[in-house]
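S.K.: Construct the complete structure from the given sequences, taking the supplied hints into account.
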Amino acid sequence: MAALITTAWAWGRKLISGVKVEVILMAVVLGWGAMKTYEATKAEQQANDLKAELSTEKAVNRGLEMMALHYGNQMKRLSVALEAREASRALDDRSIMAARAAARRMERDDAPTGDWADRPVPDAAAEWLQRLREQASGDAN
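Residues in the sequence shown are numbered from 18 upward in steps of one, following my numbering.
Some clues are possibly wrong.
Below, in silico cross-link-like pairs of lysine-lysine (DSS-like), each with a Cα-Cα straight-line distance of 30 Å or less [claimed, not checked]:
{"#": "1", "residue 1": "Lys59", "residue 2": "Lys75"}
{"#": "2", "residue 1": "Lys53", "residue 2": "Lys68"}
{"#": "3", "residue 1": "Lys37", "residue 2": "Lys53"}
{"#": "4", "residue 1": "Lys75", "residue 2": "Lys93"}
FRET-style restraints, in silico, Cβ to Cβ [to be verified]:
{"#": "5", "residue 1": "Glu61", "residue 2": "Lys31", "range": "38 to 46 Å"}
{"#": "6", "residue 1": "Asp140", "residue 2": "Ala119", "range": "21 to 29 Å"}
{"#": "7", "residue 1": "Glu74", "residue 2": "Leu21", "range": "48 to 56 Å"}
{"#": "8", "residue 1": "Gln152", "residue 2": "Ala119", "range": "18 to 26 Å"}
{"#": "9", "residue 1": "Leu67", "residue 2": "Leu47", "range": "29 to 37 Å"}
FYI, nobody ran anything at the bench for these hints, they're computed from the structure. Beta carbons are placed, not taken as given, at the ideal position from N, Cα and C, and that holds for glycine.
M.R.: Structure follows, in structure tokens:
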């Protein structure tokens with residue numbers, strides 16, 4: 018191994034001894050310039066890759082923001098609709114409770130109504146009420 022190194026060193030000295038200093042300096046400068054050009058090209062390529070990646074991530078973020086905005090708006094609309102439905106149900110519940118309270122007062126305060134309320138509903142009256150309900154539901158649709 019030592020012989021190989023000694024031979025390479027001797028060959029290098031012979032090669033360099035015949036070359037002028039200016040040529041050696043020019044070779045060093047050209048090598049250094051080539052190395053810097055390669056580094057700059059590599060850095061530019063990395064910068065372009067990072068810009069492309071950033072652009073892709075920005076597009077994905079815009080898409081996610083639009084989706085979040087859409088679903089947020091959907092949730093607001095559904096919340097408003099549910100609030101309106103609950104308000105309507107509360108009004109209906111109060112109306113039903115008032116009608117039941119009025120019927121109980123009528124049963125308690127009016128003797129003929131109280132007597133009638135204790136009897137079963139006649140079949141004809143039940144059928145008539147059923148037809149009224151069906152007509153009302155048919156008109157609503």
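S.K.: Determine for every hint whether it applies to the structure shown.
M.R.: Tested hints:
1. Pair hint Lys59 plus Lys75 holds up; C-alpha atoms about 24 Å apart against a cutoff of 30 Å.
2. Note on Lys53 and Lys68: the hinted pairing holds, with a Cα-Cα distance of about 22 Å set against a maximum of 30 Å.
3. The suggested pairing of Lys37 with Lys53 holds, with an alpha-carbon distance near 25 Å, which does not exceed 30 Å.
4. Of the supplied pair hints, the one linking Lys75 and Lys93 holds, its CA atoms being roughly 27 Å apart against a limit of 30 Å.
5. A beta carbon spacing of about 41 Å between Glu61 and Lys31 agrees with the range 38 to 46 Å that was offered as a hint.
6. Between Asp140 and Ala119 the Cβ separation comes to about 26 Å, which falls inside the hinted range of 21 to 29 Å.
7. Range check, Glu74 to Leu21: Cβ separation about 54 Å, and the 48 to 56 Å hint holds.
8. Remark: the range hint 18 to 26 Å for Gln152 to Ala119 is upheld by a beta-carbon distance near 24 Å.
9. Between Leu67 and Leu47, the C-beta spacing of about 30 Å keeps the proposed range 29 to 37 Å intact.
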